[in-house]
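Residue numbers (my numbering), protein chains in the order written: chain A, 1 to 114; chain B, 115 to 226.
Honestly, I wouldn't trust all of these hints.
Said to hold, decoys possible - Below, simulated DSSO-like cross-link-like pairs (lysine-lysine); rule was C-alpha separation at most 27 Å, straight line:
#, chain 1, residue 1, chain 2, residue 2
1, A, K55, A, K78
2, A, K55, A, K70
3, A, K96, B, K185
4, A, K101, B, K171
Hints in this document: simulated from the structure, not taken from any laboratory.
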Amino acid sequence: AQTVTQSQPEMSVQEAETVTLSCTYDTSENNYYLFWYKQPPSRQMILVIRQEAYKQQNATENRFSVNFQKAAKSFSLKISDSQLGDTAMYFCAFMKTSYDKVIFGPGTSLSVIP
Amino acid sequence: NAGVTQTPKFQVLKTGQSMTLQCAQDMNHNSMYWYRQDPGMGLRLIYYSASEGTTDKGEVPNGYNVSRLNKREFSLRLESAAPSQTSVYFCASSYLADETQYFGPGTRLLVL
Numbered sequence: 001a002q003t004v005t006q007s008q009p010e011m012s013v014q015e016a017e018t019v020t021l022s023c024t025y026d027t028s029e030n031n032y033y034l035f036w037y038k039q040p041p042s043r044q045m046i047l048v049i050r051q052e053a054y055k056q057q058n059a060t061e062n063r064f065s066v067n068f069q070k071a072a073k074s075f076s077l078k079i080s081d082s083q084l085g086d087t088a089m090y091f092c093a094f095m096k097t098s099y100d101k102v103i104f105g106p107g108t109s110l111s112v113i114p
Numbered sequence: 115n116a117g118v119t120q121t122p123k124f125q126v127l128k129t130g131q132s133m134t135l136q137c138a139q140d141m142n143h144n145s146m147y148w149y150r151q152d153p154g155m156g157l158r159l160i161y162y163s164a165s166e167g168t169t170d171k172g173e174v175p176n177g178y179n180v181s182r183l184n185k186r187e188f189s190l191r192l193e194s195a196a197p198s199q200t201s202v203y204f205c206a207s208s209y210l211a212d213e214t215q216y217f218g219p220g221t222r223l224l225v226l
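Bound-form chain B, shown alone (with noise of 0.2 Å):
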């Protein structure tokens, strides 16, 4: 099992440029989430897909969009990318909502 692996590991993009970060689990996972972290902050929730299917708000989405393209897999999208979304990306997974989340090696992301 491979577990959580995201693409790219680490991406710089200009400012008003767009990407998709990928996220895919091989865990038979019902939920996938994504994170930002940023120093001093923790992590905080940008979005998660609680099953296949549905997706809601987290925390902190504006700016973001995502798609739960199957089970496996659950994606990030930056339509405008801005300075403020310099960041590390992370992407978890956990069989239910209330239990225990597996994360991603994490995507950096540097916005100029």
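Isolated chain A, as found in the complex (with noise of 0.2 Å):
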């Protein structure tokens, strides 16, 4: 079964600084989908970044970015001149590519200082 692991329950970052959120995953699948979703005080889950395991280059969204190791099953979040807005919980999240079900992480709460 997979599973999702992210060791950092909480994290603090002053803004317009770089944070980096880790994740570690396990699975036997070569093939499936990383993602990364913010859920702001509002509740409301966002998608922030999606990686697809074939794809050897790292995805990135404007000022977020990942460092995908799949040897490591590690798949990390940069976050870049963090904003006060950012704060926010951060899931990592695995879906294989045949559908079988999202995988959440139990989650990183970030907190951007001022």
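Could you fit the two chains together into a complex? Lean on the hints.
Structure below.
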């Protein structure tokens, strides 16, 4: 069975600085998708970034980028130039290409400090 | 586009009562999902519907039933609510089962 681990329950970063959130996963699949979702205090789940396992190039989305290490089963999220609006829970998630279910990690609570 | 909408936003139930959580999407998505979110446990899949007319159990289906009423709507029913079902419930949808899911705003349920 697939599992997703986020080893940092809480993190903080100064505004305008860079922060990296960690995520590791366990799977025997070769092809799959990985996601980072953001959940601000409003509780809405918002997709931040998505990575296909067959792509070697790391996904980027404006200030958000990932470091995808397939062999190490690691999928970290880097937030550059942190903004107050980045304060949220961040969930790492895994999904097989042939539908099974999305597996979410327990989340990391990120606080951006002015 | 409203995206994914959920009703109600908040509900208090007594143990043993029943209720239905409603979810609708206007993005012409084929797949829809129900999750529950509990502190420290992330999101767990309750049921999903890969396409209109089909439903399947997820990780934590016990105590719940679902209905895929049509392509737009996917409801979650608690027949006899229990305190263990106190949680925040999220509905989500995706165009295909292996594509990005879009989430609704959530329903906060308190069972006393």
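For each hint, the structure was consulted:
In summary, the hint linking K55/A to K78/A is supported, as the alpha carbons are separated by about 18 Å, within the 27 Å threshold. With a CA separation close to 10 Å, the supplied pair K55/A and K70/A stays within the 27 Å bound. Distance check on the hinted pair: K96/A and K185/B sit about 23 Å apart at the alpha-carbon level, within 27 Å; holds. Proximity of K101/A to K171/B is assessed by CA-CA distance (about 10 Å); at most 27 Å being required, the pair is judged to hold.
Of the hints listed earlier, there is not a single one the structure fails to meet.
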